[in-house]
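**Q** The listed protein sequences correspond, in order, to chains V and S.
Counting with this note's numbering, you get residues 38 to 363 for the letters of the first sequence.
Counting with this note's numbering, you get residues 38 to 363 for the letters of the second sequence.
One or more hints might be untrue.
Given that identical chains are not distinguished, each listed pair holds provided it fits within a single copy or across any two copies.
[Claimed, not checked] Derived DSBU-like pairs: lysine-lysine, alpha-carbon spacing no greater than 35 Å straight-line:
hint: 1; residue 1: K306; residue 2: K221
hint: 2; residue 1: K113; residue 2: K334
hint: 3; residue 1: K106; residue 2: K306
hint: 4; residue 1: K113; residue 2: K260
hint: 5; residue 1: K334; residue 2: K260
hint: 6; residue 1: K106; residue 2: K260
hint: 7; residue 1: K254; residue 2: K113
hint: 8; residue 1: K59; residue 2: K260
hint: 9; residue 1: K306; residue 2: K260
Honestly, the hints are just simulated from the structure, not real lab data.
There are 2 protein chains.
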Amino acid sequence: MTEQRAVVRAHANIALAKYWGKADIARNLPAVPSLSLTLENMRTTTEVSFSSELTADELELGGAPQGGKPLARAAKLLGEVRALAGIRTFARVRSHNDFPTASGLASSASGFAALALAAVHALDLSLPIERVSALARAASASAARSLFGGYVELGASAESAARVAPPEHWPLRMLVAVTSEAAKDTGSTDGMQHTALTSPYYPAWVADAPRLFAEVKAAVLAKDFERLAPAAEQSALAMHASMLAASPALVYFRPATLAVIEAVRAARKRGVAACFTIDAGPHVKVLVEPQHVAALKQTLEGVEGVLRVLESAPGPDAALLREFPR
Amino acid sequence: MTEQRAVVRAHANIALAKYWGKADIARNLPAVPSLSLTLENMRTTTEVSFSSELTADELELGGAPQGGKPLARAAKLLGEVRALAGIRTFARVRSHNDFPTASGLASSASGFAALALAAVHALDLSLPIERVSALARAASASAARSLFGGYVELGASAESAARVAPPEHWPLRMLVAVTSEAAKDTGSTDGMQHTALTSPYYPAWVADAPRLFAEVKAAVLAKDFERLAPAAEQSALAMHASMLAASPALVYFRPATLAVIEAVRAARKRGVAACFTIDAGPHVKVLVEPQHVAALKQTLEGVEGVLRVLESAPGPDAALLREFPR
């Protein structure tokens, strides 16, 4: 028996300029440019072991064996890495998230980033990080960004993500107001397709997103919170508005989602440098300057329907670990 | 002293295919066609007295004297009626709503419909009802529809509204889940203008609204609830989505608004013929077949944040009363 093994940790990322919609479904290329912040405290750890004893790829998420779609998506990525290495050996994948899975907390981003990097390391392939990012992107576009720490962009129709600025460039904090532990009803891939096919606003979303992306990027580079806040919030709301106009409507907002939006808007009126963003799920992510973290966290914890608030600084690149932690 | 007086009652109406946006701001012509249901139990009573003793128009709403914008809008309508009558006499207006005012419950619709009809009757002008509807429309486009009972349409760029079907055509019930007693932050006129100027989705809203209007009208004429529900809900959500994408966003939804939407969607899954619509305010209006009213009313009253639930059948034409009631 031969075994080739690697353990990788990758961090979730939250887009400040949103990705929603595909330019090419078969190749999984995004229709709009996006810009994200990688989060230190929301992590996926993944072990990949290629073993000649296996007769098929195996996947375990949080200790539970997986079949169906999750296994198929992982096996497709593993197949591409195998093709690059010129082997046919199957792999066993063990993956663990330290935050809720498949509920709009970017677990597919950190998950596929970790899987791609672990598979490449396990087989000792020396690929540039952009190639690893492209492998992750083919599985889940937002995963392309989780290979990089700090502020990261993924262009429209881009193969791979690129760093905009390192974590230390602008030490903001992200507070994640968790409003549900349940997996969402409609996954992002299905939701994007439904929006593209049925929303009269989808063409305008695709046309307008580059403007908001450019605004978010300029604000991040200039560390200008007052410029960032309206552009980031408009990007998130325009994304959700494109889904709200779909037929039937995709409504990811819950009552608590709106209650947190109201709390953030009220805090900003009181002079707190904070803005929200919302992914395809009910949670609200709140970007805030460090000096306001404690007060704002308390505010958010007091909002009806908020279960708990995760706090994170900008996170690092995806990286090798020695062991899969217990 | 001469006094010419009339008292009129007009009923609020709730659009099932939404009006949002103006084709001509100066003439107050709507950009999109709309179709509404006039409501029996949401009423404005208005007394207009033209008197040679007055030196200016006067307005009292719910017992409180008004100045500023409300008085100016009323005086403009009164001025147009005076011009038609060829007089210069000022008027005293007393108006009373039996439901919350200026909070997204269509009080300007019933209010200006009642004012127009009362002024015309006070001066004994014999105008066709379409002319009265046009006078009301110039003050508030949705008011054009409140001259007529039952199901009423107002075309894109139309001068006046027209009946689609009388109240008895389809005896549905409307439940209004009141979620706030406060006046809204942004009035409809300002909100429409802001959306038209800053939302990338506004052109698509105007382009798509006629399709939803046609669908709603066909469903009303056919008394086909299963056809009406998705079209009416999409019209309301697409209207709100156009505002959500404005810069800055116009968010009329409150947490309770979403909670009611969720309750209606859940009820429909249980087989209850019910659908929601939402105007430029936080309340949710729920159209429902009569046999489900009692159960659904109880459901809505149990939703967190719902203060009370008004119930109404299709209402009649605006009409003369003998006296202003106490």
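**Q** So, for every hint listed, does it hold in this structure?
**A** Evaluation of the provided hints:
Both within a single protomer and between protomers do K306 and K221 lie at most 35 Å apart by alpha-carbon distance, with minima of 32 Å and 18 Å respectively. For a Cα distance limit of 35 Å, the shortest separation of K113 from K334 qualifies neither inside one copy, at 40 Å, nor across copies, at 51 Å. Only between protomers do K106 and K306 lie at most 35 Å apart by alpha-carbon distance; the minimum there is 27 Å, versus 45 Å within a single protomer. Proximity of K113 to K260 under the C-alpha cut-off of 35 Å is found in neither arrangement, the shortest distances being 39 Å within a copy and 50 Å between copies.
Proximity of K334 to K260 under the C-alpha cut-off of 35 Å is restricted to the intra-copy arrangement: shortest distance 22 Å within a copy versus 51 Å between copies. Taking CA atoms no more than 35 Å apart as the test, K106 paired with K260 passes in neither setting, with 40 Å inside one copy and 42 Å between copies. In the homo-oligomer, the alpha carbons of K254 and K113 lie at most 35 Å apart inside one protomer (33 Å), although the nearest pairing across protomers, at 49 Å, exceeds that limit. For the identical chains of this complex, K59 and K260 are intra-copy neighbours only, at 30 Å inside a copy versus 39 Å across copies, given an alpha-carbon limit of 35 Å.
Only within a single protomer do K306 and K260 lie at most 35 Å apart by alpha-carbon distance; the minimum there is 20 Å, versus 48 Å between protomers.
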